[in-house]
Amino acid sequence: MQILIFFFLWDAVFSGGAKQLFGYDKARIFTYAFTLIIVRAVVLSSRSVDIAGQIANGELTNLLLKPINYFSYWITRDFSSKFLNILFGVVEATILVLILKPNIFLQPNPIYVVSFLISLLIAMFLFFSLLMLTNFIPFWVPELSWGAQFLVVVIVAEFLSGAFFPLDVFPASVYQILRFTPFPYLVFIPIKIYLGNFSLSLVFQSLAIGIIWSLILWKIVNYVWGKGLLVYEGVGR
Amino acid sequence: MNIFFYYLKIWSMMAKNSLLNWSVNRNVLLIFLLGKIIRYVSYFGFLYFLVKGTNGFLGYSQNQVLFFTATYVFIDTVAQFFFRNVYSFRPMVISGDFDLVLVKPFNALFRVLMGGPDPIDLITIPPIIFVVFWLGSLLHPTPFQIFSYIILLLNGLLIASAFHIFVLGFGIITLEVDHTVMVYRDLTSMGRFPVDIYKQPLQWILTFIVPVGIMVTVPARAFEGFIGPLEIFLFILIGVILLFLSLRFWNFALRKYTSASS
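Chains as they are written, first to last, in my numbering: chain A, 1 to 237; chain B, 1 to 262.
Hints in this document: simulated from the structure, not taken from any laboratory.
Any given hint might turn out to be false.
[Stated by the list, open to error] Quick look at which bits of chain B chain A covers, simulated, 3 or more residues with Cβ under 8 angstroms:
1. 8 to 14
2. 134 to 147
3. 194 to 207
[Stated by the list, open to error] Mimicking BS3-like on lysine-lysine, the simulated pairs with C-alpha atoms at most 30 angstroms apart in a straight line are:
4. B:Lys104 with B:Lys256
5. B:Lys52 with B:Lys36
6. A:Lys82 with B:Lys36
7. A:Lys66 with A:Lys82
8. B:Lys16 with A:Lys101
9. A:Lys219 with A:Lys26
10. A:Lys66 with A:Lys219
11. A:Lys101 with A:Lys82
12. A:Lys26 with B:Lys104
13. B:Lys9 with B:Lys104
14. B:Lys104 with B:Lys16
15. A:Lys19 with B:Lys52
16. A:Lys19 with A:Lys82
17. B:Lys52 with A:Lys101
18. B:Lys199 with B:Lys52
19. A:Lys227 with A:Lys19
20. B:Lys9 with A:Lys26
21. B:Lys16 with B:Lys36
22. A:Lys66 with A:Lys19
23. B:Lys36 with A:Lys19
We put the CB at the ideal spot given by N, CA and C, even for glycine.
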């Protein structure tokens, strides 16, 4: 439904005869919509949302007793979930392309395509780290298991990542601030890279910022996990 | 009239309980409130800059587009405020706790539909009303347009009630509530913008089959003077018929309740 709203809204916006708006022509904004289906399936689908509940009700104890790496376990579950979502995403995108017959922009430059794929890997890792951090909150406040996720996953990641609308609709100053947060690197920047809206130097700069954020967040995740385990009491088990 | 006050009293008690429940988890309340505020600000911010950069679209001015969205937000939020309890209906059916509702001396549908108003929405509704009022005043409506708008807003809430009653009925028959509610929310979210943006036959479906258009777009169009008295009557008739059908469906579903697990 969200994709239909996105598609028809921009179709209506371009029906006034404008060739280019906010740096997009019609083909590129439609490509944004359809790439969004795939990027959402790859990046924003995850099973790690269950962690908070496990910490809150003590089920985490079961996993801690098993001879497996906790993070590897969730990364594996995430990948299986993403695989399923990608399948559904491809089917959904194909059906919608066949029905709506939009002009789609295919990126001819392999450097942009490879950079897009790298940016997706960074985005997956960033989202995983953000989810982990959010899910660790119940170590200290068990009743916040769903509330924190609502704020970070449903609201912040949705609106500030570009999953709801392209961030360059906002004034440049707002976008410049958002650029230095991890959120645009989840959805908006991978799609912009695919669309070729960035110069190559900006592409590499964006990938570098994404990698730096990944490293910073991963450090924080490990630190918080260690602190969380110290206060974990397995209440409920 | 006595029945009205009887149910008003019950609703006040349930609302008070819901508020007390939330007040125990003040952190959670604050987080959800913050989330909703971020969502509304981002959403209106996006729309504001979009229509500012394009000077409106499909013949709608900047203020008209914003007014459409404010109307959608208002109906959606009021519906969530009153019908939040629908989201917790599934566990009630699965555990058999619904039996305890059925044996009480008041309407079971009233209890499961309106049994837990959402206090967060109670906080967000006044600013939304202010935004609707402010954006509406920029469109310089006539008294008739304001009257039509209010009547059709109430009709929109009637349709929202019907949708939620259908969801509850499906919940009894299929034990599935969460996903049906998600489908409802996804469908109504298509009313964020005038249904004119959608191409046929989707536009027709959204107006007459799944009357999201009547629920959200029509009131705003009436406010802008595009809807006549005959159409208003027709739309109200559709709302009443939908509510009637949903009540029939609820009664049908109730006969399928097996009281399993109790």
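Results for each hint:
Residues of the stretch 8 to 14 of chain B with a Cβ under 8 angstroms from some Cβ of chain A number 0, which does not satisfy the need for three, so the listed coverage is violated. Check on the stretch 134 to 147 of chain B: 0 of its residues sit with their Cβ under 8 angstroms from a Cβ of chain A, so the three-residue criterion for coverage is violated. Coverage of the stretch 194 to 207 of chain B by chain A holds in this model, with 5 residues showing a Cβ closer than 8 angstroms to a Cβ of that chain against a need of three. As the CA atoms of Lys104 (chain B) and Lys256 (chain B) are separated by approximately 19 angstroms, the hinted pair is consistent with the 30 angstroms bound.
Taking the CA atoms of Lys52 (chain B) and Lys36 (chain B), the gap is about 24 angstroms. The hint holds against a cut of 30 angstroms. About 28 angstroms separates the Cα atoms of Lys82 (chain A) and Lys36 (chain B), which keeps this hinted pair within 30 angstroms; it holds. Only pairs whose Cα atoms come within 30 angstroms are accepted, and Lys66 (chain A) paired with Lys82 (chain A) is accepted, the gap being roughly 24 angstroms. For the given pair, Lys16 (chain B) sits about 52 angstroms from Lys101 (chain A) by alpha-carbon distance, which is inconsistent with the 30 angstroms threshold.
For the suggested pair Lys219 (chain A) and Lys26 (chain A), the alpha carbons sit about 41 angstroms apart, so the restraint of at most 30 angstroms is broken. A threshold of 30 angstroms between alpha carbons decides the hint, and for Lys66 (chain A) with Lys219 (chain A) the separation of about 24 angstroms falls inside it, so the pair holds. Distance check on the hinted pair: Lys101 (chain A) and Lys82 (chain A) sit about 26 angstroms apart at the alpha-carbon level, within 30 angstroms; holds. As the CA atoms of Lys26 (chain A) and Lys104 (chain B) are separated by approximately 59 angstroms, the hinted pair breaks the 30 angstroms bound.
Annotation: proposed proximity of Lys9 (chain B) to Lys104 (chain B) holds, straight-line Cα distance about 15 angstroms (limit 30 angstroms). With a C-alpha separation of about 19 angstroms, the suggested pair Lys104 (chain B) and Lys16 (chain B) falls inside the 30 angstroms cut-off, and the hint holds. Pair hint Lys19 (chain A) plus Lys52 (chain B) holds up; C-alpha atoms about 17 angstroms apart against a cutoff of 30 angstroms. For the hint linking Lys19 (chain A) to Lys82 (chain A), the alpha-carbon distance of about 36 angstroms lies beyond 30 angstroms, and the restraint is violated.
As the CA atoms of Lys52 (chain B) and Lys101 (chain A) are separated by approximately 28 angstroms, the hinted pair is consistent with the 30 angstroms bound. The straight-line distance between the Cα atoms of Lys199 (chain B) and Lys52 (chain B) is roughly 24 angstroms, inside the 30 angstroms bound, and the hint therefore holds. Between Lys227 (chain A) and Lys19 (chain A) the CA atoms are separated by roughly 54 angstroms; this puts the pair beyond 30 angstroms, and the hint is violated. Using a Cα cut-off of 30 angstroms, the hinted pair Lys9 (chain B) and Lys26 (chain A) is violated, with the two alpha carbons roughly 55 angstroms apart.
A distance of roughly 22 angstroms separates the Cα atoms of Lys16 (chain B) and Lys36 (chain B); the hinted pair therefore holds under the 30 angstroms criterion. A C-alpha spacing of about 59 angstroms is found between Lys66 (chain A) and Lys19 (chain A), which places the hinted pair above 30 angstroms, so the restraint is violated. Note on Lys36 (chain B) and Lys19 (chain A): the hinted pairing is violated, with a Cα-Cα distance of about 35 angstroms set against a maximum of 30 angstroms.
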